[in-house]
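Please build the complex by placing chain X on the supplied structure of chain G, with the hints as guidance.
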Amino acid sequence: MKSYLTNVTRVKIAAVMLSSGAMMSSMNLEGLYGAILLASCVLVLPTPFAFAVGQGTIVPLLSTHPILFLIAELGITGLLAAPLFRRYRTGKTLVIASAWSLFFGALVVIVTWTRGQHYTLVATLVGFLLLTMYGLHRYELVQLGLVEGEDHAQ
Amino acid sequence: MRITRRLLASLCAGVVLAVFTLLLSQPLFLFGVVGIGVWILTHQYQFVRTLQQLEAETTVSQTVSPQRVVTDEHTYVTFTIECPAVHAETIRIQLKPPAALTGFDSELVRDLQSGEENQFQFSASSPVAGRHSFDPPTLHVISEAGLFRESFDVKTDRATIEVEPRRPRDIHVGEGGDRLTIAAGEHEASHGRRSNEPEEIREYQPGDPANRIDWKATARLDSAFVREFEARGDRRTTLLFDHSTSMMTGPEGETQLDYAREVALALVSYAAENEDTIGLTTVDENGLTETIRAGATSEQYRRIRTQLQDLSSTRTEPNPRRDFRRGADTNRNHSDLLDRKDQFSETLKPFFEAQAYVSTFAEMPLFESVREHAALQLRDAWLVIFTSNVRAAEVRETVKLARQEAGHVSIFLTPTVLYEHSEIVDIEAAYSAYTDFEMFRRDLASMEDVSAFEIGPRERLEMILQSSDRNRGTRT
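Just so you know, the sequences run in chain order G and X.
According to our numbering, the first sequence holds residues 1 to 154 in order.
According to our numbering, the second sequence holds residues 155 to 630 in order.
One chain only, chain X, in its complex shape:
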């Protein structure tokens, strides 16, 4: 219990009367001292009873809705305080939200009406992921006549809010809205290095090594049998990951790049489980940014995972050291040739005109990366491309080039329409854009040895498809 200035002043008044008693030798002044003393004690005693009643009967309810949010997403915090009817000059409550929550006043102090239910609501968000708890609020009470004040914490259940980092959720990988299902397991090959997994036993043939004789089966069947081991193939996979600005559509932490990254990491994990050889090449607008040669060691897998996790969108400033724009030189040569009229120029002109189509795509980083790797790493390999549908022509030509060299091409596309805005404003336009994407994807999938898939947030895709189904149903 803390004293106030009013109490000090009242005590001084009593002291003055006591001094008068001594100075004037008049004990009757002491009745005044007694009167002031009893008045103060009565207020103090009543204040103690008020505090006891407040401590026992005040209820504070802290609710958070929604309780689970992502970083920087708003949630609503409601404080409901029921205060008993007491004698007090002022009753204030100081609310204590977690330090990580923003959107509150610096000092969250509110006056309460005694005998009534008081409710306060705030909108808050947190830039920090984690579990945040509310501390018990503090009640500040000033007695009647303002002689005493006290503060104490109110016992209440601590509300919590779970803030999750922004990351891709419910990733859809599929074809035309249908989810892709893959039976995970070991893959076989008819040739390749042998493994240690016994597959079957067969009768001994001359020339079989003696250490492969299955002696138990031989004793049981009274004839020599050998163990045949399952041949496991070593699939070579090359990931080609586009992290240009065309992959940055969407809210932070849930962009096309983030979704594609999750699928790529899943493929790396799958390769690691099966001890497959895997390599990574990343490209942006300027061209090649990183190459990790194919390998099957744990260090290799770790490097690839780290590189994928460190990927972010790059800017569009040209980098002369990584400039694949041979097209500039080609154009210069081309224009020189066009100006000349000699036999040499006439012979070479058709050749340059034919190359113009190729040189246009030679400026494209994705196309150029495949061409760079074709001779070295793609032979009989499984090429997996991650990109968006923004540069459709380049993607198409890249896939055409890749399937000429690689054993199989799988392309995972992130349709921009699924990432554009947090809420779909024009559902018809969105469905139209998705339809265009789906036609493009089918066009790619129709090529031999090419599989084309879509990656996106499932909820958004279902919203587009269901809305279009409703509209078609309404029209019919």
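Just chain G, same shape as in the assembly:
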């Protein structure tokens, strides 16, 4: 329990404080409700669900306040990224995670900037994500020699 509080809750508390603080800084009632909802979900739900709820709260409330939006995003993103930084101390995993983040982020920016349709944007993003996941799956099968007819890559 002690290590859990030390490692996990500390990150969550920091994320809650950053994101909720940004929301409450909008100086309205919706911001307050949003902060309370965000805090509850972050402390109760598993990480991806807390992140999704946080996104669903932050975007409608702070989309018109870029700086507050960025601060809140920083907090909620830290909820996802901090455990990865803590566990995978080897640079390779973090570099790849960063590269993916930049790639998909750039993809979103490019499609938005070119005024592409939202459907196109969503389909492109989801398609690339699923394709990358499938590619990793096939790579893993080949590495473990679980695919018949494939050479075991050394």
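In silico DMTMM-like links for lysine to aspartate or glutamate, alpha-carbon gap of 25 Å or less: (1) G/Lys12 <-> X/Glu243; (2) G/Lys92 <-> X/Glu209; (3) X/Lys309 <-> X/Glu209; (4) G/Lys92 <-> X/Glu243; (5) G/Lys92 <-> X/Glu211.
Just so you know, these hints were derived from the structure itself, not from any lab.
Here the structure is a predicted model, which means the values were calculated and not measured.
Frame of chain G, contents of chain X only:
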């Protein structure tokens, strides 16, 4: 790589944000989709690296001790798994012993501690003889955050276990602990039918057949010489095999009957090599169970071998069709006579009293079998008896009767003390019992034309004799 419910739920969270993007026309939600997507991909990539590390660095050692056992004998199987330190929520190993081995859980799955040596030991046995191999174990891994799982076989040397059927081993045949040595070879007789083996040449005598003239020797020695052929005797052997319950002491497959059977089969093989005439008679508590008349054909030898191999202990229910118990009738006649007081009864009474001793043994199957065969098959034959020392009086009388008729009697005894328990609890009592047996055996061997031998597991006999030597040395 297989997905889990947690992964599906995480993907759903991303899909929900994507739907919000479309419904609210707000592309900023897509940063959430990107965040969840990158989070999943990062875990997936790290899981692939974890699997690669496990596949390359996990070592499994399967050892079996002892590696050679008999059926239903326990052996100890030890699994030692060294697992590298990796990031994974759960690492489990599924061990796959051969189906013939019993004593394992139905699903042999154990959790492993990564970065440590894990060891599991089991006791197992097999009711099936043969060579049994262990299949490579399977590693089941669940990633951190429980998003992915995978299973694969770990490469390892396959341990094997040899299970041998229970059968007599290291059979001792001897006298008083000394092993019997027999020089195998053809036996000769001074008379009998001639064979085709030339023995020597001698000078031609009038009356010798012309076809026996050795022309090479004649030309060389300038005088007529004939070939003298070696006379080979045809020894007639009769085996008398006791397969009553008195021969069933010992573990399954290593009973007195099993040991005696091996020696009997060796004698049959010896007779077959020398083309000797051999017959078989088997008896149990109820009397005669099978008779195979003496013969010297391959079919004969095969029949005798088959009959010996099919022998097993029989139950003690009396069989009226094979009831040799004439003693019952004799007793009835005897009691009738005793009640009468006439001259006829008085004359016959002494005769019945003398027969009482014989009639007692007439109820004994071994004795009765010899008496049945005496007139027909034992004349000048070699009678070989296989029995135990349980019914000593019957055995003694049987041997006495047999040597009157047969040319020579050999008796192979299976002393019960050598078969009683798997481990000797009271060595003094065991030695005392063996000493009593040895005195009985010597008593039989002291008779003219009688040889008496012991059959038993050599290891056990040596244990008894060595232990008694140590005790006698301690006392002196």
